[in-house]
Amino acid sequence: MHILANPARFLKIARPLTPWLGWGGALLAALALADGLFVAPPDYLQGDSVRIIYLHVPAAWLGMAGWAGIAVASLMQIVWRHPLAAVAARAIAVPGAVFTALCLATGSLWGRPTWGTYWQWDGRMTSMLVLLFLYIGYLALGEADRERGGEGRITAIFGLVGAINLPIIHYSVLWWRTLHQGESIGLTGSTIAAPMLWPLLVSVLGFSLLFGAVVLMRMRAMLARQKVEARLRRQAA
Amino acid sequence: MNRWVFVIAAYAIALVATLVLVGWSYAAMRRAERDAEALRTRQ
Chain G
1 MHILANPARF LKIARPLTPW LGWGGALLAA LALADGLFVA PPDYLQGDSV RIIYLHVPAA
61 WLGMAGWAGI AVASLMQIVW RHPLAAVAAR AIAVPGAVFT ALCLATGSLW GRPTWGTYWQ
121 WDGRMTSMLV LLFLYIGYLA LGEADRERGG EGRITAIFGL VGAINLPIIH YSVLWWRTLH
181 QGESIGLTGS TIAAPMLWPL LVSVLGFSLL FGAVVLMRMR AMLARQKVEA RLRRQAA
Chain H
1001 MNRWVFVIAA YAIALVATLV LVGWSYAAMR RAERDAEALR TRQ
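Top to bottom, those sequences are chains G and H. Using my numbering, read the first sequence as starting at 1 and increasing by one per residue. Using my numbering, read the second sequence as starting at 1001 and increasing by one per residue.
It is worth saying that the hints were derived from the structure and are not from the lab. The model shown is predicted, which means the values in this text are computed figures rather than measured ones. You may find that some hints are simply not true.
Claimed, not checked - Here are the simulated lysine to any residue pairs, SDA-like style, with alpha carbons at most 20 Å apart:
{"no.": "1", "chain 1": "G", "residue 1": "Lys227", "chain 2": "H", "residue 2": "Arg1040"}
{"no.": "2", "chain 1": "G", "residue 1": "Lys12", "chain 2": "H", "residue 2": "Arg1040"}
{"no.": "3", "chain 1": "G", "residue 1": "Lys12", "chain 2": "H", "residue 2": "Asp1035"}
{"no.": "4", "chain 1": "G", "residue 1": "Lys227", "chain 2": "H", "residue 2": "Arg1034"}
{"no.": "5", "chain 1": "G", "residue 1": "Lys227", "chain 2": "H", "residue 2": "Arg1042"}
{"no.": "6", "chain 1": "G", "residue 1": "Lys12", "chain 2": "H", "residue 2": "Arg1031"}
{"no.": "7", "chain 1": "G", "residue 1": "Lys227", "chain 2": "H", "residue 2": "Ala1027"}
{"no.": "8", "chain 1": "G", "residue 1": "Lys227", "chain 2": "G", "residue 2": "Gly149"}
{"no.": "9", "chain 1": "G", "residue 1": "Lys227", "chain 2": "H", "residue 2": "Thr1041"}
Looking at chain G on its own, in the form it has when it is part of the complex (with noise of 0.2 Å):
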């Protein structure tokens, strides 16, 4: 990690590897899709329902990563005054954002032919909800913070401050049994069968993947952003 504080040595890595986690991660993503679409068996009691999980999961727990390497970069921020630290964090809050509302839309899509319902305020939908509403608190305080020529220290606080949702949206299911299922996919094995189980899988490899590849692609673009300013400041002098 302290490796990569350096922009210069952060771009010689990113630039090579964007293409190949985009690449990859699409390649993935269309394969697991394309077999949870039609090679993958229907559930026997949530029938065809069952192949927005292809989606729904890989959203859900990108989400939930986003917010985890925010709280990461934005205590690296405040403690080692990483120079790529903010970067990241910034970068990774748009995708994090997209995904999160993604698992709330096709979680509410699974829901109506399944539960009868769009929506509840059942524990883990408000928490994902939650998610979604701490990431664009901290999409504003970032502008806002930027605006005013801040350094961004408010943003980490509240990156590192709103990490505490993600044992809340973990264990929601065991705290609170209302209507969302407990987890299927455990550390030691999953309760879900082989056909379904292995193109779940490769689908949440291949949209971490793009997901790596937006977060590159966002930094490399605000690196450039904060190289221009830094010229015209310069010239301006």
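Position chain H relative to chain G; hints supplied.
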């Protein structure tokens, strides 16, 4: 209830959102890096 309607809606929303996110990030990166390169070569 036809469950495929919900499946197709979910896939359409997710694919469009992902493509827009990737395309927008790529365009922003290319634009910013082109601007930085243009400013560097001008100096």
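Numbers of the earlier hints that this structure fails to satisfy, in rising order:
Checked against the structure, no hint fails, so every one of them is satisfied.
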